[in-house]
Every structure is written in C-alpha cells, then in structure tokens.
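Spelled out, the chains give:
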Amino acid sequence: MNSTFEIQSILAMHPILELRNLKKHYATQKAVDDVSFSITPGSIFGLLGPNGAGKTTLLRMITGIFYPDSGEVLFNGKKFDALKDVQQIGYMPEERGLYKKMRIGEQAVYLAQLKGLSKSEAIEKIKYWFTRLEMQSWWNKKVEDLSKGMSQKLQFVTTVLHEPKLIILDEPFSGLDPLNANLIKDEIYRLAKDGSTIIFSTHRMEQVEEICDHIVLINLGKKILDGTVNDIKQSHKQNLFSIKFENEVLPEHLATYLFEVKNAGKNELTIQKHAEYNNNEILQYFLSKGLQVNAFNEILPSLNEIFIRQVEGTNATARAFQPVS
Amino acid sequence: MNKTWLIIKREYLSRVKKKTFILSTILTPLLFVVLIAGITYISVEEVDQEKIAVIDKAGFFQGNLENTKALTFEFPSGIDTANYDDKGYSAVLFIPNDSSANYQLYSKKQFGLIAASQIEDQINKAVENNLLKDRFNIDSKTIDSIRNQAGEAEVQNFYGDRTEVKEGNSKLAYAIGYGAGFLIYITLFIYGTMVMRGVMEEKTNRIAEVMVSSVKPFQLMLGKIIGIGAVGLTQFIMWIILIIGISTAASALLSPETIQQASDASQQMNGQAGMASRATSGFEDFSETMGQANWFVIVGCFLFYFVFGYLFYAALFAAVGSAVNEDPQDAQSLMLPIIMPIIIAIMLMMKAVTSPASSMATWASIIPFFSPIVMMARIPFGVGDTVPYWQLLLSMASLVAGFLFTTWLSAKIYRTGILMYGKKPSWKEMWKWAVRKA
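In order, the protein sequences belong to chains A and B.
Mapping the first sequence onto our numbering, position 53 (from 1) lands on 53, and the numbers just tick up by one.
Heads up: take any position in the second sequence, counting from 1, add 1000, and you land on our numbering.
Don't take every hint at face value.
Said to hold, decoys possible - Straight line, CA to CA, 20 Å or less: simulated EDC-like cross-link-like pairs of lysine to aspartate or glutamate:
#: 1; chain 1: A; residue 1: Lys101; chain 2: B; residue 2: Glu1201
#: 2; chain 1: A; residue 1: Lys142; chain 2: B; residue 2: Glu1201
#: 3; chain 1: A; residue 1: Lys148; chain 2: B; residue 2: Glu1201
#: 4; chain 1: A; residue 1: Lys100; chain 2: B; residue 2: Asp1134
Think of the hints as simulated: they come from the structure by calculation, not from any bench.
Since the structure is predicted, the reported quantities are computational estimates derived from the model, not experimental observations.
With these hints in hand, go ahead and build the complete structure from the sequences.
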C-alpha cells in the first residue's frame, strides 16, 4: 500500500523536461552558462530574463534547433531526440513567422502535417480550434490580410494544434489587445489543466505572477533564481509591513530598536522590522502603546521588484544579442 | 523523408499555381513564335515600294540598275529635284558624269537604312559591271554564272576511325551546343536566384524558426531546392511542348512558298532583316539535318547537366540566401563569388563550341563549376569521339560529387545563417559556420 503510493508519487513527479548543466558558448560570449532545472508535467513554467539573457538560445536547445556545447536535455526522462520528440513539442518563437502569401487554412494544415498529423486529422483539429477562437471565416484569407493580433492568434493555434505535451510560448501576449490576451490566457490554463506542460518565456513580470506556478530567472546566461512564485517572494521579502491605525500616529515617538519607519501617513505607517524580532513582538509594541491597529499587513515584493533587484548592476541591458561566429 | 516531401510539394505548388508562372509559361513560347512569324511576315509583305527616278549623267546605268522588291529604278526624261514628287517618284537619284562617286539622292522623307544600302549595292554593281565590260568585255551574266559555280563548295567532314566513318555537321553541332550551353546558363541564373529569394523570404518572414522546430534545416533547404528545380523542369517541358505545338501549327498555316519567299526576301536585305533570314533558313535546315544529330544522347545529357548543374549551384545560392538579411544589396555582394564561375563558364563555352576538342574545353568540361555549361557545348559534336566516354563519365561523376559537396557545405552555412539576424556576415564568417562541427 505504502510502496504503491510512493511509486505513484514518483511517477507523477517525474519531470517532463530536465536540463542538466547546459552550456552554449558563442565566440564572444557565453549565451547559456551551466543552466540546470526541471519542469513537472502539467505545470505552467515561467522562464524569465532581461533581453539578451539567453532565453532564446535556451529555448532553441530545448526544441532541438541548437545543439548544446555540453550538458544534456532529458525529455520524459530520456535523452532528447530531436527527430522523434519534436512531434511532442509546440514552439511559438518570439519572432512570429508565417508564409504571407499562403491561405490561412492551407498554412495551418501544412504546419500540422509537418508535425506528423495526417491531412484529415489536421483539418478536423483546425476546424475545432478556429471555431473555439472565432476564426472560422479566416480559412481562405491570406496571412498578409491579417492584423498583427490576428496573425498572433493564428500562430498560437498552429503551435498547439498537434496537441503537444510540451508547449513553449515566447512572449505570447505581445501585440494582443486585452480581450484577445485574456482569450489566449484562458486557453493556456485549459491546456495545462488537460495535462500539457507550458513553458512561458517573457520579461513581463505581472503576467508571470498571475499565470506561472514555477519560475526560473536567468541573467547573462546564468540561472539566478529557481522556485515557485510564492517561495521566491518569501525568500526575497524585506520585512516590510503596512500598518493602519484608528488614530493619528507620530512616528518620531516610536521605538527604533524594533523597526525603522520607511514611510508615514496620517494614520498609516510602512515599517521595516529588524530581522531578529517576530511579527507578534511588533504588534504587541503598538498595542502596549495604546494604539488601535486596524490593519497589519506584510508587504511581499512583486516579482518585478525582485527581477530588477537581481538584474540591476549587471551589464544585462548593455548586452545585445551577438551573432554566432 | 515524408516531411521533405511535404516541403517539396508546398514549394512546387505555391509557385506553379501563381498567375505569373502560368502566364510566363504560356506567353514566352507564344511570344517567341509570334516574334519569328512577325519578322517573317514583315520581310515578305511589308516592303515599302520606292520608285526612284534616275538622272544618269554617266550614261551606263540604264539597264544596269536592277529592280528589287523594294526599289524600282526608272529613267524618265525631264525630271529634276523640283518636280519628281509631282510625277509620282519618291526620290530622285543623281549620278554624276565623272568618277567622283558623288551620288546624290533627293527625297521628301529620309530613306531607311536597308533601302539606302540597297541603292548603294545596286550602284556598286552597276559600276563594277561597267568596268568589267569596259576593260575585259565580260558581261554581267557571265560573272553571275561564274560566281554561282564558285559559291557551291561545301566541305563535308568524315570523321571517326577507319572502320566506321560518320558524316558530321559541325554547323548544326555548333548551334545545338551553343543553344544548350546558353539555356543551362540562363536556368542556373533564374532558378538559382529563385532559391535564394525563397530562402531570404523565409528568413525575413521569420518563419524559418517555426519551421526548424518541426523539421531539420537540411530538410527545409533540400525541399526548397528540389521543389524549385521541379518548377524549372515543368516550365521547360511546357515550353518545349508549346513551341513544338505552336510552330507546327504555324508552319501548317504558312505555305512552303511563303517560307521560300521570306528567305528570298531576307537574303536580299541585310541589317535587321538578317534575323528573319537566319530563322527561316534555319527552319529549312532544321528538317533536313535533324536526323544527323544524336538526339537521344543530347537530350539525355542535357537533362542530366541541367538537373545536376542546378543542384550544384542551387545549394550555394541557398547558403547565400540564408546569410543575408532584408537588404538586397547584401545579396548582390555575396552572390558575386557564385556568379563569377557561371560567367566564366559561358565564356569558356563560347570558345568550346568553336574548338570542342581543345584541352581548355576538355578540362573546363570536367570541372563541376563549368561542366554543366561547357560539356553541353561539346556533346553535340559527338560522344565517343570528340568527347571520349571516359571524359563524359568523369565529368558526370565529378559533377555529382561536387553537388554532394556543395549541398553538404551549404547545409552547414544554412542552418546557422537562417536563424541569424543582424549584420551581414563576411565570407570568412560563413566559412567558419561551414567547418564548425554541429
């Protein structure tokens, strides 16, 4: 009984994708420098990093477009085999691309066939998706007749059409209006719930916070953060609290051995507690002063703040994408 | 393989279904036939009749100026530069009484080049006849018959070893060799650049990255090269069928007399009409000498050199296409090293059709960079003798080996180049992409 449970839980936790010490060096720089992480099936995984951090190179190694200089990629526990495993992967690169002169229906069928679907299967699935995303009338249009947002939607459909186990989306919301962005976001949730694993690469933190279960932050080719969104926030908290009082408080009369006042309003304070004291001691201090506390909240840093703090000071912004030579 | 097939199919169908392809496939041979028919027609029918009044002060021109289709010479009296127009002449030709050769032609409108040169020819002939009669008492009829007899000589070349002697037709071999070499030259350009533009399109549209997440870059490149090659082959076959069809129909409509007339007329003229002369007399020769050429070998070799010559160069064009970005000027400068050997080959070919067995022609027809064009210039002169079998086999084998090599090399440049944006790489950088492993 007990052992069966263990086996099941091991199977469930078996990562769909595991990167081990991946390295890719170009002549002038280390694009990806010893990166390892793993992704559990069915999760939405965020790959974050500033421009030029090495995200695209990393994704290209995962999709088999580039070979790593060293290290390995395991897909479903086995060494990644580009020939076989690309059928299981759907990749939407940041630079979207479609054949401009081709009719949309034909184009979707063509891309699906290249992923190994038969023509009839492809047509059936395209019809399903086009109906879902209200694109039925597009079939005979050409890509050059579509707006940027529309072709983005089409690109998303062609990425997920063949029901890949691993879906890689590089900046999926750029160029989408809020309505369509929500539509795509709902589809991402649904795909994850149905068992697909999603890698979501972006530098837009607010989206990550909302969508992702687990994130990895890379900068200058190196992994600098790895964990669930909550764990990362907890480990980067700065002991900041926001306290609201019934009456007016005068910050200059408050004890400074416990905390430092960061910001003061009429009956509101933002404090940074000294690490050796716990929350109760702080609260007790205010109560002992006879102040009536209406609200006492810990302020967790946003991912955006953590991101900026981690990346700031490095020469990340100065590093543009360099050509291979 | 299945995916490569899908790519070939798309590349082929997307081009063949284009209106421009259909139009150019149908219109080019039509235009070709119409052009020849038009020139033939014009040379027969559209000749301006010029009536020229001659004021002959020298006195020996009457009867010596021969009328042609376009020109009629008359010797009326009482005509001068003031009244020729009223009397129905289009020009008046004044012939002086001395040997100054100061001939003057007065007309309302300027005479065309052909008409003017015909007048000069007639005057020269008249002067020549007069001198011959004066000094040697030979009349023009005697001279003509002497010329006719002297002009009949034709060298027939019997070649080969002693047991089997073949009759050659080096003019026909020249024409076929030149035509075939030139055709391959043009196709290398047209379809090579089509491959290059196709690759550039995929790169600038950014679909390359989507594609290589499904297929190998090599499959993508090969699919494009084969697909476009099939487009070229289709167009060729359509052209051949249409040209044969249309010219058969045209020659059925035109009676043999008309063709004979056309060649007579054009032989009298020179200048622009010379083309019609060549076309029509070529047409006559065509049926006569067709049987003398070994068509089976020529067509077979043509298809081989067309296909493998295309494959050899298309891979290189694909590599260049993958390396450049939006800027077409980048493509031009990177294309130069590929275009140079093609241009050198056409120059070698022009030499090879005049001396097909020279050592330069022999070597050029074995080196894969030149062989598709140069070997096609030599083959019509005879396989087995002018072109020994070992040379043909060596040439074919080295072309196939060359094609495998350029494809392998290009594939490595291609897989790096197609995902690379930014500044144009140098040839040195591209070489590094090619020799780098994986």
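Taking the hints in turn, this is what the structure says about them:
1. Lys101/A with Glu1201/B: It holds: about 11 Å lies between the C-alpha atoms, which stays within 20 Å.
2. Lys142/A with Glu1201/B: Between Lys142/A and Glu1201/B the Cα gap is close to 16 Å, so the pair holds against 20 Å.
3. Lys148/A with Glu1201/B: holds, 18 Å
4. Lys100/A with Asp1134/B: violated, 82 Å
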